[in-house]
Amino acid sequence: MRRTLQDKLAILADAAKYDASCASSGTTRRDALSGGIGSAGGTGICHAYTPDGRCISLLKILMTNFCVYDCAYCINRVSSRVERARFSPEEVVTLTLEFYRRNYIEGLFLSSGIIRSPDDTMADMVRIARMLRQDHGFKGYIHLKTIPEASKELIDEAGLYADRLSINIELPKDSSTRQLAPQKKPETIRAAMAGVRLSQEASRDRSHGGKRPAKFAPAGQSTQMIVGADSSPDRDILATASRLYTGYRLRRVYYSAFSPIPDSSAALPLIRPPLMREHRLYQADWLMRFYGFEADEITAGGKDGNLDLAIDPKLAWALAHRASFPVDVNRAGRVMLLRVPGFGTRTVDRIIAARRSGAVRYADLLRIGAVMKKARPFVALPDWSPGGLTDNDNLRARFAAAPRQLSLF
Amino acid sequence: MYRVHLPGRSTNAAWRDAARRLASHRILAEKVEWTRELAGTGLFGFDPLPANDGAYEVTASKALIDLTGAVLCHSDPQAPALAYRLLLRHQYDRRALSNPGDPLTQRLRRMEKSVRRDIHKMHAFVRFRELPTEGLRRSFAAWFEPQHFITERAARFFAVRFADMDWLIATPEMTVTLRDGVLGFGPAPQQRPDLPDDASEALWATYFRNIFNPARVKISAMKSEMPVKYWKNLPETRLIPQMLAEADARVAAMRAAMPTDPPQRATRILDKLPAMPVANMPETLDQARDAAMYCTRCDLCQAATQTVWGEGDLNAALMIVGEQPGDQEDLQGRPFVGPAGTLLRELMEEAEISAVWLTNAVKHFKFKPRGKLRLHQNPNRGEVQHCRWWLDLERRFVAPRLTLALGATAAYALTGNPGPLQNRRGQSEQAMDGGPVLISWHPSYILRLSGKEAQSARSMLLQDLRHAARITI
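Those protein sequence lines, which keep their order, are chains A and B.
When we follow the numbering used here, the leftmost residue of the first sequence carries the number 4, and every step to the right adds one.
When we follow the numbering used here, the leftmost residue of the second sequence carries the number 993, and every step to the right adds one.
Hints were generated in silico from the structure; no laboratory data involved.
Values in this document were obtained by computation on a predicted structure and should not be read as measured data.
None of the hints are false.
Derived pair list, reagent style BS3-like, types lysine-lysine, alpha-carbon separation capped at 25 Å:
#1 K155(A) / K1264(B)
#2 K155(A) / K188(A)
#3 K187(A) / K1264(B)
#4 K1364(B) / K176(A)
#5 K376(A) / K1105(B)
#6 K1264(B) / K188(A)
#7 K306(A) / K1360(B)
Construct all of the structure, not just a fragment, from the sequences and the given hints.
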């Protein structure tokens, strides 16, 4: 029986939903004034939201969900009995353009199961991107999920058409990857990421004549790590993330709480996805990228190397380092202000701007947008002193949600 | 009391003219009433605006103009008056604008944010439907209800994005069109236009239903980013109630389902995949290299990118052994390509060494991430000993007549002597597997020194390289 486009879209969108990334930001500015269709650049746009709270910015589909690999956590592994389908490259191009013209999406996020060989699969994906860019003058966003085992030439060509390339690291530890995804090789994955970084850096160097080479994946590369499918504690997850950020200049590491999949493998528990843990990991990730925290500081105080699920990681750090508080908001430097719970990067920018117009007071902080409920015990102001609050034994309990009686049924 | 009547389009310019005139007379904000087109008129007893500019100079920074421009789009009838208040304030207190703690600034910033968000949401939530057309350009239309007066501001985005098609966006405020590449503005339609059905909308609905993961329902996150006030013009939101109603049952069914047996083709496909290239006892250098790529003898492989195997002339009489790959070596997968490697290659050229096998005592990069850098860390003895397995294999297959050890780690790996280099540099020692080992400085040591010390260390390394070249000719 031939499947209709509707059927294929249903199967191949369903198969793609476990990829967390949907970003469409941070690429070069382009528009269609000089021909073609589409624009990009600046902040991304989320065109819709599904009830799982995730945005739809890109048409996120698999080219095919046939796959020769047998990764235990993946719905598309070869040993799964999930329904299979395959788009032709023309179908992907048409869907992308028709959705784009109706303003449903910012572009395409194309991933794929591995058919025949990694090179064959990657070549088909590159062909789709090339058709969109060259045949249709598509200026929107393209994110290609790169297959790490594919040849360097194909990845380099992909980088010419795609705004972002991503290669999934899959699991926080090599041993878990070897066990759960026996056909994937952590070394190959990292080497591919290193290759993307080097190609990107090479594309920034001007030649002797001052000519700029073609742009290579201007929105950078990202990756995704599955949380909760193996027993790695948050400490290992964040250490891996921090190595990926420094080593390969990733724009983002996405943490994906392992969620039950249809026809799951016996190797993995069908747990409720650890959404709170995922949330705390994202908070910790932000602390590493924008707040000057190192990975090991964040998990230092936690139990068994895990983050405290009841309170956010910055608050947990502050509670463990009360000797550094209260912070004098009118005198402290940016680095220290960033460590105050309840102060975001923007709050800190505003505090520093407001200090030029005179002393900052409690009411000013409220107007600026600081979360004073959180910040109160950790700051000193001309009209506010936390007194004994900073060292109060019950401080953590004030912030953590009250324990809840578990359901008996 | 003065009254200024602002038009529905080009509101900004009209406001600026009037505000400048009023401010040049320093007319107080309380004395001015601002109205917008559509608002009821009919009150009398207002003074006409002064005919000429007054005695005071009026200045406005770019930041102020940007802020008032956005605020004037706000649906709050107070918006023009608040903007005027800020303009007056700006004449004697320029700092207020850059003080986020100032109550007036904060109020206007908040309005600006709301306007910006509404524009962003219009960019996101306009849904075009295709119209039948005879011309070459395809034609689309949409109906959208923004919260503020933003249609004009938001229009450019659509003009540069959908430049190759004709389109029309109608809002309760006005109608924007792009016809043959020309952007036009017209009056709002009398009522919500009836748009024809579009077949792509069914595909979109299919996509929306299937990209949803029923195991992670988070309704509040959805509603905060896609506020319910916009839902009535978004076709996909009609599916949400049913998707939510089915979510729990779908997850429960997934949990209840027992793992099935893999389909028959699974084993067939898996058997065909190439096996891991692991040889317990490699018989050639290439076999050794392939096996080393997946080495897990110590923990360094967890963090490093890849095994950096030696390279060079297989038949060389000279082997140069460094400490471990650095940042660049780790990324590129080749030895001696970073700053220290560049120095070494420079000196090798000076010493006229061409046939050589270059490698490291430890094949994985050991580092600590700090901010944006990966700081080099010395390998410990255990790591060196684990990696000696590979170094020994390399030495067996390359069989050099002389080995040059660069730095203490290489010297230890080859000779087993962990002593300091100060007195050993330039001397020849016996390798553990036989053969002479000439000991010298590591080029990165030279890079860490400066001035005369660096010069002398450099010439010592060069001298050792020349010495090695003479022996191995």
